[in-house]
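S.K.: Listed below, chain by chain, are the residues.
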Amino acid sequence: MSANLVGDVTMRYADLHPQSPAEAAPVLLLHGFGTDFGMNWQAAGWPQLLGAAGLRVIGPDLRGHGASGKPADDTAYLPERFTSDLVALLDELGVERVDAVGYSMGSRLAWELALTRPERVRRLVLGGFGPVNAFDGTDLSALGEGTTPFDQVFRTVAALPGNDPAALAACARGQAARPFSAEPPVAVPTLLVTGAKDEIATGAAELAAAVDGAHVEVPGRDHVNAVSSRLFKQAVLDFLTS
Amino acid sequence: MAEENVTFTLPDLGEGLVEATVLEWQVSVGDVVERNAPLVEVETTKSAVVIPSPKAGRIVELHAQEDQVVPVGDPLVTFAVQAQEQQAGIVGRVPTEEARPARRVRLKPPSD
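Sequence order for the protein chains is D and S. Each residue of the first sequence is one higher than the one before, starting from 4 at the first, in the numbering used here. Each residue of the second sequence is one higher than the one before, starting from 524 at the first, in the numbering used here.
Same shape as in the complex, but just chain S:
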C-alpha cells in the first residue's frame, strides 16, 4: 500500500504555554513507532513532558534539534503512514472544521 507523509506539529500543552524546549528525542529517523509510544521529551516553563506518538508510522524527519525551542504549532516530526484508500470518515482524521458549532446565518430572505 502507498505511504503518505504526515507532519505532526507541537501541540498546545495547556495553560497558555506558547513554546517548549526539546530535551531528548525518544525516536530516530527510520524508526517504526506505534501510536502512543514515547515520541519526544520536552520541557515547558512549568514541567517536563513526554509527548506520545499521535500515529503509527515510520519517522521520516525530526524538525527540531535537542535543546531547540519550538513554538506551539511548528513542525515537530514527519511520519510516513500507510495511505488510506478512503478519505471519508477514516479513523485518526479529526474533522476540525465540521466539529465547530456552526452558526447558520441567512444572508438573504427566502424568496417566497
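Same shape as in the complex, but just chain D:
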C-alpha cells in the first residue's frame, strides 16, 4: 500500500502487480460505503485472484473511508468529487484506461466514471448495485436512527473501528444529493452481478438490459456476502479476459 496526495484529500491506495502485461487493462476496484479496499476486496480474495490472472489491481480507499482523508462537509462527497480523485489517481499512476469494478456505492461511482470519462474505462462491472434510490425513506439528518435498509447499513459501518461516523454521514448526504439515474446510459461494455437475496440491489437485471449489458445472479447470497463468492469472481474474470 502506498499513499499520495490527490487534490486536497490524501488518498491511500494499493497498486498490486504493477508489472502485469501492458495489453491487459488494470482493474480498478472500488469498495462500498463504510468499508475500504482491504475489507471489501482484499479480505474477500480478489487481488490474489486477479493477480493470478495476470491483472494489475489498483485499489483506493475512497475519500471518507479507510486510511484516506475524511473531510466533514457534504459537498466533498458529491459523486464528481470521487471521480476527480479517481482520474487524478490514474494520472498519477500513468494509467490510461482501466476496467472499473465496483461494489455497492463503488458501483455508483464506477458508473459515474464510465459516464463522464468513458475514455478512461474499458469495461464496467457493477456489483451489488441496482437503479434504486438507496436512501429511500431515510432521514438524512438522523442517519442510523431510523429503520430503513440504509439506516441499518449506516449503523453497522459507523460502528466499525477506524470509521468516522460524521464523515460517513457527510458522504451519504453527498451521494444522496445526486440521485442515481440510468439516463443517460453508459456506453462501455457492462456486467452486473448481484446476490439473489440482495434487497439493496433490486432492478439490476433491468439496468443490465437498459445498457445492453449482462447480468449474473449469485444464488443464495445477499448484499454482504455476495462479494466473496467464487461465482461472482469467475463471472468478472470471464468478462474482463474475454
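There could be a bad hint or two in this list.
Claimed, not checked - With a Cα cut of at most 16 Å, we get these calculated EDC-like pairs of lysine to aspartate or glutamate:
1. D:K200 / S:E566
2. S:K578 / S:E526
3. S:K578 / S:D554
4. S:K569 / S:D535
5. S:K569 / D:D225
6. D:K236 / D:E220
7. D:K236 / S:E547
8. D:K200 / D:E220
9. S:K569 / S:E542
It is worth saying that the hints were derived from the structure and are not from the lab.
Fit chain S to the supplied structure of chain D, relying on the hints for placement.
M.R.: Using the frame of chain D, we list chain S on its own:
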C-alpha cells in the same frame, strides 16, 4: 516421508468477532492445496472473507458444514502435511509460548 495430521482452527478475524458462518468451502477432502490458496469463504457479522490456507498439504477433514456457525478457535480443517524430521526452529511452527515477553520473577533470594 511420513505424514502428520495438523488441525487448523478458525482464526480470530479481528474486531472482537467471536464466530463466523461457513459460506462455501473452496476445497474438498482429498485435495492437495498450496499454502495461501483459497481455503474457505466465511461471513462474519461485518463482512465476507476468504481464508487462505495456512499450510500446504492434503485435506483430510472439513470440520464444518456450509451454513454452519463456527466459534473462533474451533476446528475448521485438518491437513495431512509432510512430517518434519527436525522439530527445532522449523519453518511454519510459531513458538507462541516463547514469543510472549516473559517477566522473570525471582521467587527466592540468591543464597549467597
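S.K.: Checking one constraint from the list: CA of S:K578 to CA of S:D554, max 16 Å. Satisfied?
M.R.: holds, 13 Å
S.K.: Is the straight-line distance between the alpha-carbon of D:K200 and that of D:E220 16 Å or less?
M.R.: holds, 9 Å
S.K.: Are the Cα atoms of S:K569 and S:E542 separated by 16 Å or less?
M.R.: holds, 11 Å
S.K.: Does D:E220 lie within 16 Å of D:K236 when you go C-alpha to C-alpha?
M.R.: Holds: D:K236 and D:E220 sit about 12 Å apart, inside 16 Å.
S.K.: Next pair to validate is D:K200 with S:E566; report whether the Cα-Cα distance is within 16 Å.
M.R.: holds, 15 Å
S.K.: Would you mind confirming whether the straight-line C-alpha gap from S:K569 to D:D225 stays at or under 16 Å?
M.R.: holds, 13 Å
S.K.: Decide if the proposed pair is consistent with the structure: S:K569 and S:D535, CA atoms, cutoff 16 Å inclusive.
M.R.: The hint holds at about 14 Å.
S.K.: Does S:E526 sit within 16 Å of S:K578, going by the straight-line distance between their CA atoms?
M.R.: Given pair S:K578, S:E526 holds - Cα atoms ~13 Å apart, limit 16 Å.
S.K.: Given the proposed pairing of D:K236 with S:E547, does the C-alpha separation stay at or below 16 Å?
M.R.: It holds: about 14 Å lies between the C-alpha atoms, which stays within 16 Å.
Checked against the numbered hints given earlier, the structure satisfies every one of them.
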